[in-house]
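Participant: Sequence:
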Amino acid sequence: MEGIQEVLILIVSGFIAGVINTLAGGGSLLTLPILIFLGLPPGVANGTNRIGILMQSISGTLGYKSKGISTYPFNLYLGISASIGAIIGAQIAIDIQGDLFNKILAIIIVVVGLLIVFKPKNNIKVLEERLTGKYLYISCLGFFFIGIYGGFINAGIGIVIMFFLTRYNRLSLIKTNAAKVALVGVYTIGALALFAYNNKVNWSMGLWLSFGTIFGAWFTSRYSVRKGEKVIKFSLLFMVVAMAVKLWFF
Numbered sequence: 055m056e057g058i059q060e061v062l063i064l065i066v067s068g069f070i071a072g073v074i075n076t077l078a079g080g081g082s083l084l085t086l087p088i089l090i091f092l093g094l095p096p097g098v099a100n101g102t103n104r105i106g107i108l109m110q111s112i113s114g115t116l117g118y119k120s121k122g123i124s125t126y127p128f129n130l131y132l133g134i135s136a137s138i139g140a141i142i143g144a145q146i147a148i149d150i151q152g153d154l155f156n157k158i159l160a161i162i163i164v165v166v167g168l169l170i171v172f173k174p175k176n177n178i179k180v181l182e183e184r185l186t187g188k189y190l191y192i193s194c195l196g197f198f199f200i201g202i203y204g205g206f207i208n209a210g211i212g213i214v215i216m217f218f219l220t221r222y223n224r225l226s227l228i229k230t231n232a233a234k235v236a237l238v239g240v241y242t243i244g245a246l247a248l249f250a251y252n253n254k255v256n257w258s259m260g261l262w263l264s265f266g267t268i269f270g271a272w273f274t275s276r277y278s279v280r281k282g283e284k285v286i287k288f289s290l291l292f293m294v295v296a297m298a299v300k301l302w303f304f
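For the sequence shown, the working numbering begins at 55 and goes up steadily by one.
What the hints contain is simulated information worked out from the structure, not anything from laboratory work. There may be inaccurate statements among the hints.
What the hints assert, rightly or not - For each label pair, taking beta carbons as the anchor points, the in silico distance ranges come out as:
(1) PHE91 x GLU182: 43 to 49 Å
(2) PRO95 x VAL66: 20 to 26 Å
(3) TYR277 x LEU195: 31 to 37 Å
(4) LEU116 x TRP257: 19 to 25 Å
(5) VAL66 x PHE292: 14 to 20 Å
(6) GLY187 x GLY93: 47 to 53 Å
(7) LYS119 x ILE146: 29 to 35 Å
(8) GLU183 x LYS121: 17 to 23 Å
(9) PHE292 x ILE90: 22 to 28 Å
(10) TYR126 x GLY57: 38 to 44 Å
(11) VAL299 x THR186: 37 to 43 Å
(12) LEU130 x LEU62: 31 to 37 Å
Computed from a predicted structure; not experimentally measured. We treat Cβ as the ideally placed atom computed from N, Cα and C, and that holds for glycine.
Between the sequences and the hints, there should be enough to build the whole structure, so can you do that?
Facilitator: Below you can see the structure in the form of structure tokens.
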């Protein structure tokens, strides 16, 4: 049983992570170190973190839906494809650590994030969304590989997802966020199940963490719809810089 101080740390960090993940991505770079700081081995922290991710995804999806923002069934197709990759990635994460991969990811995140933030404003507004036919098939293939990383550690994957959905599928940032939150929830189910099967989940700490992520995601999903894309871009730029520094130096 966790002490009151530990519970408060988990709830507050979960709330902040729920806000960050719903707006852009990268909340796991906060919650993973905190779980390790509170005494969990890295592998167990990685698995435990998935409880918060799953619950915030459900909460955020419901929040967007309450504002009329949904990309169903497109997000479900991508989520199922990503689930297959996520199971592979989770299996890798159970046994392997990747410091070099973190540094490579830091460079990728900067490039991808800047492409989203500084893209011409009229690109998404003028062009039609591409969600069916060959675009759907290619997207499913792409999200299989995205799911591998999501299952491995998940930190920063929101930026990669946002890049793909905005640049290839031509979704607006608000719709991209709604799709991202939903499909992350779908593939996290498989990853969490595999971590749990391998005894890599602390359910008590994970549930306290998820208590915070639920409220953070619900609040932010509704707030971001009212405020539009400006707040999403600002948050994304901030997280790009923070994640790159974290991945490269720590």
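Participant: None of the hints should be skipped; say for each whether it holds.
Facilitator: Outcome of the hint check:
The supplied range of 43 to 49 Å is met by PHE91 and GLU182, whose beta-carbon atoms lie about 47 Å from each other. Look at PRO95 against VAL66: about 23 Å separates their beta carbons, and that is inside 20 to 26 Å. At about 34 Å, the beta-carbon gap between TYR277 and LEU195 stays in the expected band of 31 to 37 Å. The given range of 19 to 25 Å is respected by LEU116 and TRP257, whose C-beta atoms sit roughly 23 Å from each other.
Roughly 19 Å separates the CB atoms of VAL66 and PHE292, a value that falls within the hinted 14 to 20 Å. Distance hint check for GLY187 and GLY93: the Cβ-Cβ separation is about 50 Å, which falls inside the suggested range of 47 to 53 Å. Take LYS119 and ILE146: their Cβ atoms lie about 33 Å apart, and the range 29 to 35 Å holds. Remark: the range hint 17 to 23 Å for GLU183 to LYS121 is upheld by a beta-carbon distance near 18 Å.
Distance hint for PHE292 and ILE90: a CB-CB separation of about 23 Å, consistent with the stated range 22 to 28 Å. A C-beta distance of roughly 41 Å is found between TYR126 and GLY57, which places it inside the suggested range of 38 to 44 Å. Distance hint check for VAL299 and THR186: the Cβ-Cβ separation is about 39 Å, which falls inside the suggested range of 37 to 43 Å. Hint check: LEU130 to LEU62, Cβ distance near 36 Å, so the stated range 31 to 37 Å holds.
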